[in-house]
Amino acid sequence: MVIYFNSFRISEIPTTLSFLSTDLKSRRVTHYPTGSFHRDVFPCSVFVPSLFLHLPFAGQPCRNASRALEQQSPPTYARRTLTETAMSCPFPPEILDHIIDQLPGELTALKACCLVSKSWIQRARKHLFADLSFGSLASDLELWKKTFPDPTNSPAHHTRTLFTGHLYLIRAPDTIFTFCNVERLDVVANNPWISLITLHGSFPILRSLRLTFGSHPDSEILDFICSFPLLENLTFVPFGHENRVRRWNAPSTSPQLSGSFEIETRFEGARSIIRRLLDLQNGIHFAKISVPWLSEEDVRSTMDLVSGCAETLQSINIISYPEGVFPLLSPPNL
Amino acid sequence: MCSLYSLHPIYNSPLLYAAPGATGIDLSKAVKLRDVVFRCTGLHAEWITKTLNTVKSENLHSLSLKFPRSGIEDPVWEVAHREWLDLDRLLVQFWDSHKLRSKVIYATEKGEKDAKDEVAKFFPELTRRGIVDVLNKSD
Numbered sequence: 043m044v045i046y047f048n049s050f051r052i053s054e055i056p057t058t059l060s061f062l063s064t065d066l067k068s069r070r071v072t073h074y075p076t077g078s079f080h081r082d083v084f085p086c087s088v089f090v091p092s093l094f095l096h097l098p099f100a101g102q103p104c105r106n107a108s109r110a111l112e113q114q115s116p117p118t119y120a121r122r123t124l125t126e127t128a129m130s131c132p133f134p135p136e137i138l139d140h141i142i143d144q145l146p147g148e149l150t151a152l153k154a155c156c157l158v159s160k161s162w163i164q165r166a167r168k169h170l171f172a173d174l175s176f177g178s179l180a181s182d183l184e185l186w187k188k189t190f191p192d193p194t195n196s197p198a199h200h201t202r203t204l205f206t207g208h209l210y211l212i213r214a215p216d217t218i219f220t221f222c223n224v225e226r227l228d229v230v231a232n233n234p235w236i237s238l239i240t241l242h243g244s245f246p247i248l249r250s251l252r253l254t255f256g257s258h259p260d261s262e263i264l265d266f267i268c269s270f271p272l273l274e275n276l277t278f279v280p281f282g283h284e285n286r287v288r289r290w291n292a293p294s295t296s297p298q299l300s301g302s303f304e305i306e307t308r309f310e311g312a313r314s315i316i317r318r319l320l321d322l323q324n325g326i327h328f329a330k331i332s333v334p335w336l337s338e339e340d341v342r343s344t345m346d347l348v349s350g351c352a353e354t355l356q357s358i359n360i361i362s363y364p365e366g367v368f369p370l371l372s373p374p375n376l
Numbered sequence: 114m115c116s117l118y119s120l121h122p123i124y125n126s127p128l129l130y131a132a133p134g135a136t137g138i139d140l141s142k143a144v145k146l147r148d149v150v151f152r153c154t155g156l157h158a159e160w161i162t163k164t165l166n167t168v169k170s171e172n173l174h175s176l177s178l179k180f181p182r183s184g185i186e187d188p189v190w191e192v193a194h195r196e197w198l199d200l201d202r203l204l205v206q207f208w209d210s211h212k213l214r215s216k217v218i219y220a221t222e223k224g225e226k227d228a229k230d231e232v233a234k235f236f237p238e239l240t241r242r243g244i245v246d247v248l249n250k251s252d
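Chains X and Y supply the protein sequences, listed in that same order.
Just so you know, we're using my numbering here: the first sequence kicks off at 43 and counts up by one.
Just so you know, we're using my numbering here: the second sequence kicks off at 114 and counts up by one.
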């Protein structure tokens, strides 16, 4: 069966199908099982209702859609044949998955997909929970735990990008371990009374870390960074003053640190950490460095970074501010 | 005692405050360097020239300069004019030796022609030879 979604006329798709992204109208989905019909044989007005009869729909809107489309086209032998074939041959799940895969970021559509059929839920959840954000309120976490009381059955394993606006997540270790496939983590560590230790190693395949920090001891920040062996990209958003490392025992293993390194605000508060990272057993191997300059010390820190990554550095981005002119916390996007 | 310069509103502009790293940094060891992006928020360009002078990488692929803002008034601009002319000459050398076109990203609400006219003040030789790409911020 060959399905050309771009061959459907928009006017033929009733509003009941709004849960499908408009993107679908311009995309092409191709599948080649041992089917017996082809769009060239059956016009679109016949094919669309048949398509929906193939799907294991449970929702009334979809039945309505099929009925509405059937009423739009005259009964033909071809359509009857298709309908009979549909009843005996379930629609290939690969096509369902492919359709849902066209909807990343379309939260409304994905939520609607979850309500269509049980067989749609897993695939829709894969996209629905891929990018998850816990705000600064403890109630966010409580809501999550209330919605998914059984950690083994929660959609947390679908999450690839996780933002936690506060460290409340740390207080729920039984929840943290369910986010085992997180690759990008964005942490705001603004409460020095909540230790980062609980998060050590919680994300075994973490590759990118964006860390906003201000008052945690540098040694704790360093231990946190070193607890992710596959870490490649590191972004610092330091606020507050430097909290120098007095004694820190570097671990025997260190992260890869082979992607990008970026400081979004100021070097101040991160210089000591950078110096320690340079002393790691495996060193640093960043390919891309992006830093702001506000003082001569920043320039020296950049030189240290460049020396440490001399063999791997491919891209450098420097923003120079005139001395005494301090940027806002978030630098402009230019 | 403060100088007369510091009392003049033009010479007291934050854009003219000394940029950190006026001596630039040494990129000679970064032999795989491909992309360089420098963003100025002030008017001084000396640090860019000195840093680029240290680049030894044969792989240099792109060189982008982002300008601070549009509509820089002439009296302020003239203070740092010589530094930009030095940079202009260096970028021409980069073209002659590496065939590397420079890219200038310029934040302006004016039309494209006005933007290019302003960039031409900073890089007269690059503009004359047509070896600079001027992009608006939104590009």
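There could be a bad hint or two in this list.
Lysine to any residue pairs mimicking SDA-like chemistry, simulated, CA-CA at most 25 Å apart [stated by the list, open to error]:
(1) K250(Y) x N359(X)
(2) K169(Y) x R249(X)
(3) K142(Y) x D321(X)
(4) K145(Y) x R249(X)
(5) K216(Y) x S296(X)
(6) K179(Y) x T277(X)
(7) K216(Y) x E304(X)
(8) K145(Y) x S296(X)
Keep in mind that the hints were calculated from the coordinates and are not lab data.
Please read all numbers here as calculations on a predicted model, not as lab measurements.
Quiz item: Is the hinted pair K145(Y) and R249(X) satisfied, with a Cα-Cα distance of at most 25 Å?
Solution: Satisfied, since the Cα-Cα distance of roughly 23 Å is no more than 25 Å.
Practice problem: Compare the distance between the alpha carbons of K250(Y) and N359(X) with 25 Å, and conclude whether the hinted pair is satisfied. | Solution: With a Cα-Cα distance of about 16 Å, the restraint between K250(Y) and N359(X) holds, given a limit of 25 Å.
Self-check item: Given pair status - S296(X), K145(Y), alpha carbons within 25 Å
Solution: With Cα atoms ~24 Å apart, K145(Y) and S296(X) stay inside 25 Å; holds.
Exercise. Would you check the hint for K216(Y) and S296(X), treating anything up to 25 Å between C-alpha atoms as holding?
Key: violated, 38 Å
Quiz item: If you draw a straight line from the CA of K216(Y) to the CA of E304(X), is it 25 Å or shorter?
Solution: With a Cα-Cα distance of about 22 Å, the restraint between K216(Y) and E304(X) holds, given a limit of 25 Å.
Exercise. Would you mind confirming whether the straight-line C-alpha gap from K169(Y) to R249(X) stays at or under 25 Å?
Key: violated, 31 Å
Self-check item: Hinted pair K142(Y) and D321(X), Cα distance within 25 Å
Solution: holds, 19 Å
Exercise. For the pair supplied as a hint, K179(Y) and T277(X), confirm whether the alpha-carbon distance does not exceed 25 Å.
Key: Holds: K179(Y) and T277(X) sit about 22 Å apart, inside 25 Å.
Checked against the numbered hints above, the structure breaks hints 2, 5 and satisfies the rest.
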